[in-house]
Amino acid sequence: MTETNKARWYVVHTYSGHENKVKANIEKIVENRGMEDVILEVVVPTESVVEIKNGKRKDKSKKIFPGYALVKMIMTDESWYVVRNTRGVTGFVGPGSKPIPLTEEEVENMGLEKRIVHVDFTVGDTITVISGPFENFIGTVEEIHMERQSIKALISMFGRETPVELGFDQVEKN
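So for the sequence shown, UniProt numbering puts the first residue at 1; every next one is plus one.
One or more of the hints may lead you astray.
Below, simulated DSSO-like cross-link-like pairs (lysine-lysine); rule was C-alpha separation at most 30 Å, straight line [to be verified]:
1) K72 - K28
2) K6 - K63
3) K72 - K21
4) K63 - K21
5) K62 - K28
6) K56 - K72
7) K63 - K28
8) K21 - K62
9) K72 - K62
10) K60 - K21
The set of hints was computed from the structure by calculation and includes no laboratory data.
Let the sequences and hints guide you as you build the complete structure.
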């Protein structure tokens, strides 16, 4: 194992149905050993699903990757050993015993880390939409939502002002 000082996301294979137990076990070991600076985060990716059973709506959380957990860590011999030997973990995903980190593109596609976009526009500024279904439309900023990384803008469509919500990365200031 080579030691680098950049934390990367690794995929850990677990016993099916034990993903949340593995997450809790790793977090407990990290806390007990004081390894918070090496093993930063453990995630079991889930999505919200609406189930209708007997005419009743029920929101359920469904695992996106059953049998897997994602760990953001700095790969060292000790961190590898701790995660690999956690109860419920069958190994890292990768050839042989060498874990392969997820690429930046994979991390972004899974929504594990959001890119923070800083903006230089304010309410009332004119913007141009540069991507998405409203590409090339011009609008006026009505609201800015920093926490959601989005804006609400009025775009002229079919001769009417229409409010739309756009991500910071979809617009540019005129």
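Outcome of the hint check:
no., hint, verdict
1, K72 - K28, "15 Å, holds"
2, K6 - K63, "28 Å, holds"
3, K72 - K21, "17 Å, holds"
4, K63 - K21, "13 Å, holds"
5, K62 - K28, "24 Å, holds"
6, K56 - K72, "38 Å, violated"
7, K63 - K28, "22 Å, holds"
8, K21 - K62, "16 Å, holds"
9, K72 - K62, "21 Å, holds"
10, K60 - K21, "19 Å, holds"
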